[in-house]
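Quick mapping for you: the protein sequence lines, in order, are chains A and B. So that you can map any letter, position 218 of the first sequence is 218 in full-length UniProt numbering, and since no number is skipped, the others follow by simple counting. So that you can map any letter, position 289 of the second sequence is 289 in full-length UniProt numbering, and since no number is skipped, the others follow by simple counting.
Treat the hints with caution; some may be incorrect.
[As the list claims (entries may be wrong)] Derived EDC-like pairs (lysine to aspartate or glutamate); straight-line CA-CA distance at most 20 Å:
(1) B:Lys325 x A:Glu87
(2) A:Lys350 x B:Asp144
(3) A:Lys308 x A:Glu57
(4) A:Lys262 x A:Asp15
(5) B:Lys325 x A:Asp77
(6) B:Lys325 x A:Asp92
(7) B:Lys325 x A:Glu80
(8) A:Lys350 x B:Glu87
(9) A:Lys350 x B:Asp77
(10) B:Lys221 x B:Glu233
(11) B:Lys350 x A:Glu87
(12) B:Lys350 x A:Asp144
(13) B:Lys161 x A:Glu323
(14) A:Lys325 x B:Asp92
(15) A:Lys161 x B:Asp324
(16) A:Lys350 x B:Glu80
(17) A:Lys325 x B:Glu87
(18) A:Lys325 x B:Asp77
(19) A:Lys161 x B:Glu323
(20) B:Lys350 x A:Glu80
(21) B:Lys350 x A:Asp77
(22) A:Lys325 x B:Glu80
(23) B:Lys262 x B:Glu184
(24) B:Lys161 x A:Asp324
The set of hints was computed from the structure by calculation and includes no laboratory data. Fair warning: this is a prediction, and the values are worked out from it, not measured in the lab.
Number of protein chains: 2
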Amino acid sequence: MLTYPNFAFDVLHRDQNGTRARIGRLVTPHGTIETPNYIFCGTKGAIKNLSPMQMREAGADIILGNTYHLMIQPGADLIERMGGLHEFNRWDGPMMTDSGGFQIFSMGHGGVADEIKGRSNNKGRGKSLLEISEEGARFKSYWDGSILNLTPEESISIQRKVGADLIYQFDECTAYHVERSYTEESMHRSHRWGDRSIAEFERGHDGRQALYGIVQGGVYKDLRDISCEWTAEKPFFGTAIGGCLGGSTEEFYEITGWCVEKIHPDRPVHLLGIGAIRDIFTCVRLGIDTFDCVSPTRIARHGWALTKGGSGRMNLRNAQYREDKEPLDASLGIPASSQFSRAYIHHLLKAGELLASQLIAQHNVAVMTRLMREIRAAIKNGTLDSLEREWIED
Amino acid sequence: MLTYPNFAFDVLHRDQNGTRARIGRLVTPHGTIETPNYIFCGTKGAIKNLSPMQMREAGADIILGNTYHLMIQPGADLIERMGGLHEFNRWDGPMMTDSGGFQIFSMGHGGVADEIKGRSNNKGRGKSLLEISEEGARFKSYWDGSILNLTPEESISIQRKVGADLIYQFDECTAYHVERSYTEESMHRSHRWGDRSIAEFERGHDGRQALYGIVQGGVYKDLRDISCEWTAEKPFFGTAIGGCLGGSTEEFYEITGWCVEKIHPDRPVHLLGIGAIRDIFTCVRLGIDTFDCVSPTRIARHGWALTKGGSGRMNLRNAQYREDKEPLDASLGIPASSQFSRAYIHHLLKAGELLASQLIAQHNVAVMTRLMREIRAAIKNGTLDSLEREWIED
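Turn these sequences into a full structure, and let the hints steer you where they fit.
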């Protein structure tokens with residue numbers, strides 16, 4: 001039986017107001033973090049335009065790398081020869097990698113966020129997924145067009161070479177627009193892929209990594225129940241909620257609610273690819289421990305700075321900031337948020353200066369880490385509702 | 001008569017080996033720097049992808065903004081309303097602005113560096129200079145196509161609003177391929193523009209800025225002599241060597257040598273737009289006190305990291321760095337130079353990650369500030385020749 005002697009997850013406090021919100025302590029070989037927490041996406045082994053030192057300055061505790069991107073460039077073998085991703089990118093804290101399946105799926109069907117949230121406009125992206133079989137997925141590399149295979153064994157092998165603390169079983173993330181029969185068939189295959197992932201993980205287990213299982217089952221409660229039971233019975237360290245979360249916010253919350261009722265209650269729970277502030281408040285109440293989303297650094301490149309309160313974000317390209325002497329948010333303390341006026345950042349955006357994306361990205365990371373700190377304090381103090389009203393004005 | 005009570009330039013030490021190399025102390029209202037020194041270009045009011053804090057960390061003492069770019073976006077009036085460029089971009093050290101003439105000239109004739117160095121290939125850039133008259137220059141804005149005028153009075157007025165410590169007279173930078181008669185005529189007009197610049201400067205002089213005159217005269221010794229005498233007689237604080245510096249490195253050094261013999265010996269001397277390491281060594285010996293060039297941050301965006309010794313720079317896109325575990329230069333101390341392997345930066349470049357340009361740019365700034373520190377020490381110790389051999393391997 002798999003054990004994780006160098007890892008632990010302890011629930012330190014539970015919300016006293018009748019929600020499933022909880023404060024946890026997640027121990028990994030690269031440090032301990034408190035949950036709920038936010039995992040910042042360093043897709044290709046780097047956070048967009050921010051160094052690990054800048055991430056630390058902004059209060060980040062944990063980052064994520066994407067197996068799919070890393071296997072293509074620079075390749076898992078090279079990362080292993082460089083001493084693993086921690087040594088390669090100099091982030092010395094806890095790190096997560098996904099299994100790669102999510103991106104393969106995304107490229108097969110269209111935009112990732114669109115699919116999770118049930119929007120099926122499918123425009124823009126090329127479809128490079130060639131085949132999903134019992135063995136795994138076959139796809140075309142976006143890098144050089146070569147044909148690649150990703151199997152449960154290969155995904156675990158790559159994630160072992162990359163060396164993140166928290167890693168994932170291989171799964172297929174089904175789309176919104178597929179038939180129930182496909183979702184069911186795919187879920188069972190993902191379970192079989194999960195068993196093969198566990199077997200491969202166990203073969204090389206040296207105590208330095210911990211494995212998460214993934215709940216699939218799309219928008220169907222009975223399938224979600226089956227998948228929750230399956231993950232709970234398997235020797236995973238943590239549980240992630242994956243797959244399609246419906247076509248509306250209400251459906252997304254409902255499906256997440258189904259899952260957290262049935263999954264293993266003592267394991268950390270990660271919600272894959274979700275990171276909007278409103279969603280975080282609701283999902284923390286449902287019992288989610290960790291979140292990840294590319295948005296804080298992605299929207300920064302388009303001029304969006306996150307705010308506590310107000311509309312939740314401001315677009316600094318907007319002419320209203322042209323002469324705004326206020327900093328982004330002086331109370332955050334870091335120079336990016338407190339030293340530069342919105343007028344200056346507005347100018348940098350108009351002038352096409354890269355410094356704008358650097359400053360806004362670091363600010364957005366600081367906003368998200370403050371959000372998670374304040375959420376943890378509010379769970380402890382029983383003030384989650386009033387904190388939400390401070391962050392989100394309706 | 002103009003005086004500069006808040007400014008000073010003192011020569012602290014002269015090379016004992018028969019060159020004109022000297023160590024100076026340049027005092028401005030925003031701090032004192034030692035010379036020879038390097039002025040980093042923040043063309044549009046920002047160093048490319050580096051914050052003032054990152055510039056300080058890399059050892060930078062002084063930066064430059066370009067009047068031409070700033071007048072177009074965000075405009076001098078806005079910068080003034082924001083409290084001046086120091087307050088706007090948060091660089092609290094000494095700052096220089098050019099007069100704007102250089103860029104107008106550049107856009108009129110082609111690439112700037114090509115023209116200074118006599119290469120006349122003239123490809124690529126649009127020619128937006130419409131007319132040079134006794135009054136000033138008329139040109140088309142690259143921003144919105146509007147017709148703009150820049151006169152000596154307007155240049156000084158803009159530079160006063162921007163508020164840099166060291167500012168420039170308005171001049172025309174003549175091209176290599178023009179006739180001697182045009183160079184001569186233009187030089188005399190630049191002198192008249194210089195007189196008008198002084199008059200305008202004097203009208204608003206509040207002690208917070210100091211004015212540099214510019215030596216023109218192209219590749220003609222008698223014209224350079226006339227221009228040197230003209231600047232020396234006028235109440236400028238400093239002298240810059242501008243205009244075309246010939247068609248070869250030898251001619252460039254020869255023309256610079258002519259100028260430093262005749263210009264005011266007690267004023268700081270700036271060499272406009274020159275910043276290659278080999279040129280700096282030669283021109284320090286000729287008596288140049290400050291240099292500026294966009295190259296340290298510009299070449300960073302193309303993957304070039306400067307080195308002490310070797311070929312002077314390495315292109316991290318090159319496959320030879322794919323598995324190179326060495327940092328850029330651990331002895332520089334800053335994280336950008338010491339914490340990340342060349343292999344990781346090679347990966348960032350291949351993956352199109354902006355962090356690459358940030359890390360390499362900061363490294364290159366640190367290399368240039370080390371170069372200038374070591375040059376100052378070598379002048380003191382009489383070891384400039386051996387230092388040059390350490391930096392440049394022939």
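>> Of all the hints numbered above, which does this structure not satisfy? Sort the numbers upward.
In response: Structure breaks no hint.
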